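4 protein chains.
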Amino acid sequence: MLRQALLHNEHEPVDNDGFRLRGLGFSRLDAFSDVVFGFALTLLVVSLEVPKNYEELHHLWYGFVPFGISFLLLMLVWYGHYTFFRRFGTHDAGTVWLNGLLLFVILFYVYPLKFLFLSAFGQSEVVMAGDNMREVVLLFAAGLATIYFLFSALYANAYRQRDKLALTPLERMLTRNFIVEEAGTGFVGVLVCLLAAVVPPNRAGMTCLLFMVIGVWKSVMGRRSGR
Amino acid sequence: MLRQALLHNEHEPVDNDGFRLRGLGFSRLDAFSDVVFGFALTLLVVSLEVPKNYEELHHLWYGFVPFGISFLLLMLVWYGHYTFFRRFGTHDAGTVWLNGLLLFVILFYVYPLKFLFLSAFGQSEVVMAGDNMREVVLLFAAGLATIYFLFSALYANAYRQRDKLALTPLERMLTRNFIVEEAGTGFVGVLVCLLAAVVPPNRAGMTCLLFMVIGVWKSVMGRRSGR
Amino acid sequence: MLRQALLHNEHEPVDNDGFRLRGLGFSRLDAFSDVVFGFALTLLVVSLEVPKNYEELHHLWYGFVPFGISFLLLMLVWYGHYTFFRRFGTHDAGTVWLNGLLLFVILFYVYPLKFLFLSAFGQSEVVMAGDNMREVVLLFAAGLATIYFLFSALYANAYRQRDKLALTPLERMLTRNFIVEEAGTGFVGVLVCLLAAVVPPNRAGMTCLLFMVIGVWKSVMGRRSGR
Amino acid sequence: MLRQALLHNEHEPVDNDGFRLRGLGFSRLDAFSDVVFGFALTLLVVSLEVPKNYEELHHLWYGFVPFGISFLLLMLVWYGHYTFFRRFGTHDAGTVWLNGLLLFVILFYVYPLKFLFLSAFGQSEVVMAGDNMREVVLLFAAGLATIYFLFSALYANAYRQRDKLALTPLERMLTRNFIVEEAGTGFVGVLVCLLAAVVPPNRAGMTCLLFMVIGVWKSVMGRRSGR
Chain S
1 MLRQALLHNE HEPVDNDGFR LRGLGFSRLD AFSDVVFGFA LTLLVVSLEV PKNYEELHHL
61 WYGFVPFGIS FLLLMLVWYG HYTFFRRFGT HDAGTVWLNG LLLFVILFYV YPLKFLFLSA
121 FGQSEVVMAG DNMREVVLLF AAGLATIYFL FSALYANAYR QRDKLALTPL ERMLTRNFIV
181 EEAGTGFVGV LVCLLAAVVP PNRAGMTCLL FMVIGVWKSV MGRRSGR
Chain Y
1 MLRQALLHNE HEPVDNDGFR LRGLGFSRLD AFSDVVFGFA LTLLVVSLEV PKNYEELHHL
61 WYGFVPFGIS FLLLMLVWYG HYTFFRRFGT HDAGTVWLNG LLLFVILFYV YPLKFLFLSA
121 FGQSEVVMAG DNMREVVLLF AAGLATIYFL FSALYANAYR QRDKLALTPL ERMLTRNFIV
181 EEAGTGFVGV LVCLLAAVVP PNRAGMTCLL FMVIGVWKSV MGRRSGR
Chain C
1 MLRQALLHNE HEPVDNDGFR LRGLGFSRLD AFSDVVFGFA LTLLVVSLEV PKNYEELHHL
61 WYGFVPFGIS FLLLMLVWYG HYTFFRRFGT HDAGTVWLNG LLLFVILFYV YPLKFLFLSA
121 FGQSEVVMAG DNMREVVLLF AAGLATIYFL FSALYANAYR QRDKLALTPL ERMLTRNFIV
181 EEAGTGFVGV LVCLLAAVVP PNRAGMTCLL FMVIGVWKSV MGRRSGR
Chain D
1 MLRQALLHNE HEPVDNDGFR LRGLGFSRLD AFSDVVFGFA LTLLVVSLEV PKNYEELHHL
61 WYGFVPFGIS FLLLMLVWYG HYTFFRRFGT HDAGTVWLNG LLLFVILFYV YPLKFLFLSA
121 FGQSEVVMAG DNMREVVLLF AAGLATIYFL FSALYANAYR QRDKLALTPL ERMLTRNFIV
181 EEAGTGFVGV LVCLLAAVVP PNRAGMTCLL FMVIGVWKSV MGRRSGR
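Chains as they are written, first to last, in this note's numbering: chain S, 1 to 227; chain Y, 1 to 227; chain C, 1 to 227; chain D, 1 to 227.
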């Protein structure tokens, strides 16, 4: 009957990939990270002050799309974090510190991200062009690379403990794939950085098209993992 | 004896409607959402700065009623969220993303809501009249509609998984009713939007009377669900 | 062995008063409330801006004692909240809404509390005297009364469900005592309000001495409860 | 099979030191503390306002190293907190109040810490020299001393309940060592304070070299504890 209960709700011990979910309990690492994620999301969307007149209220509305995109990107990072900790539930010192580093990068990027998308959608007095455009692209691509390399390192750290975690052969294969998948995504960020640094400044924005490679890469790796 | 414990405290597996409570455990989706809800509630009530003199302290008091109403509205949304996740405890990708969208809308509305009620109670230098009144009504009704449509979608997403969740015939009926009830509430918001858009601007405020239909609708649906 | 584990750590099913702890699990109501409490505490202590020079850094230090007292008062409220929910673990609609009201009052009082203690310790340009002193006393005493009446109502709401919660005769007696104890504390707040309203403004501050009655009252009630 | 599960994931009942982990469940004290820690970390990193132009964006970048160091220091305190509560899981009144005091000190230090490292790395218009340098060293050393004395007191409070917690002889020895280790670390803070107060102001900064003693002390104590 307990097993029945486990089958009937979300708490299935295996996810769609065939990964056993070792971290379904709620831990302090989860709590701590979720407070930071929740704050970051709130700060992305909520402006500093309550609008004082209709003009400021309209201004707030113009932010709908840029805030929406920043929110979506941060939710994707949260989802990656959520997925990792559900799968492994590791709480060793390595996980704690890699997680701390990840939270630091996220917090550090909240306002640049908001700035970036507000500018990109013309909701700021700043014009993105020439050298500034190059800088913004470098900033964004470096942040993306760092976050995905950290995810890759988290998976590698879990793989290092594969015997202690009693990973099945399938899980070992999937974990290796995740290490490569996340690192590859990070590598696309590095490529965008390099390219943005060498092309003429006014072309720097175009290097962002390279981010589309991430979609291709993820679908290739997804097929390898049997998704 | 375990059963005894379950009967004696809050952790009863069935709520008043006859719905089994599949999501009584505390999950990361709950944690994450509660941080955002808690932050939103705090921002609704807490002003930006500590009052510096008695005049500012008085000003803070004038906000008691408008803050109270905004707080109540947000608590109603939290209660709907709490009820849904207690009933289903779903954590599939659909739930995660619909929930993310809901949180985004809530965060986006925190300050407009505060602005709206501060203006409505004359606690702001802004006069609500004519076109501005129309805009405020549209804003509020659109937010309400979005939130209730998202709740309806969450219930529909749970219903889609009715076999996996092993919903009983009673629960299936109740879930269908919830889908309709929430969507209907959202639909009242749409009606208010449409009406506010066509009536003369200085009558826009009156269209809010239509919100009273929600009370009627909820009591009709409640009777259908045997509440 | 489970019993052994229960005896060896904090998770004893009975507290010092002889109350079984029905709410040891972590619920969403706890999470939600703790986010609000955590925010309120942070806002009490953290100033709006990072000090920019040594003068501002010194200014921050002057706040040590007033912030400490506000922090202590809020921690006392948290402890009362924590104790209540550990004892009963109720999550009925009544508890949810009384709890919501309590959180609203707490959030509403964060900045007035900070203002009050900063002024009382001369860390603000505001002089507390005459009518202003009266107002501040009324504000503080009314907040205290509201919070303790809400605690009393929470205990009364739990008592109403005494059969469903299977309270033992000892627990019923203790719960009745808690209802009276918290209401009595709230009543002292009301008395201070009344007295502050009738005495000459420049004596309003002295009515705060009446708060010492709370200590006497709590020790009387504590003896009745066998503490 | 349950035991198997316990062995295979993080939820091992014993940590590397040989300490049984009594506090693996998620409690309200953890939740409450993590909200405060999460808030403190966020405030350390996130500036008050979204950058409005490229100059402000650059300014934000200059904070990378100082924010990183403050973040690391706070994470170390969190890790100490996390470790303590995993080991003992105590929730007695003594633990609650010592923990409250710890949170107060942390919140009180968030902005001075940010100020200190921004100044130290020249990211502020403030010059640290002479008397100001002395003050900053005193401030920092006093905060460090307070935090570690509080940790020592938390361990001492757990040791006081050694019979109730059923500490094994090994755990008793380890707990005594922790009391000494944390107190010793706090004592280094006191030494730095005393030294900074007597040396000529322009040498005050040098007294910070004494903090390196902490590393030696921790490794000595670690060896005694068999780490």
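Read the hints as simulated data drawn from the structure, not as lab findings. Treat the hints loosely; a few may be bogus.
Stated by the list, open to error - Per the computed footprint, the stretches of chain S lying under chain Y, defined by three or more beta-carbons under 8 Å from a beta-carbon of chain Y, are:
{"#": "1", "region": "25-31"}
{"#": "2", "region": "62-71"}
{"#": "3", "region": "151-158"}
Since the structure is predicted, the reported quantities are computational estimates derived from the model, not experimental observations. The beta carbon of each residue, even a glycine, is placed where N, CA and C say it ideally should be.
Which earlier hints turn out false for this structure, listed by number in ascending order? Result: hint 3 breaks, nothing else.
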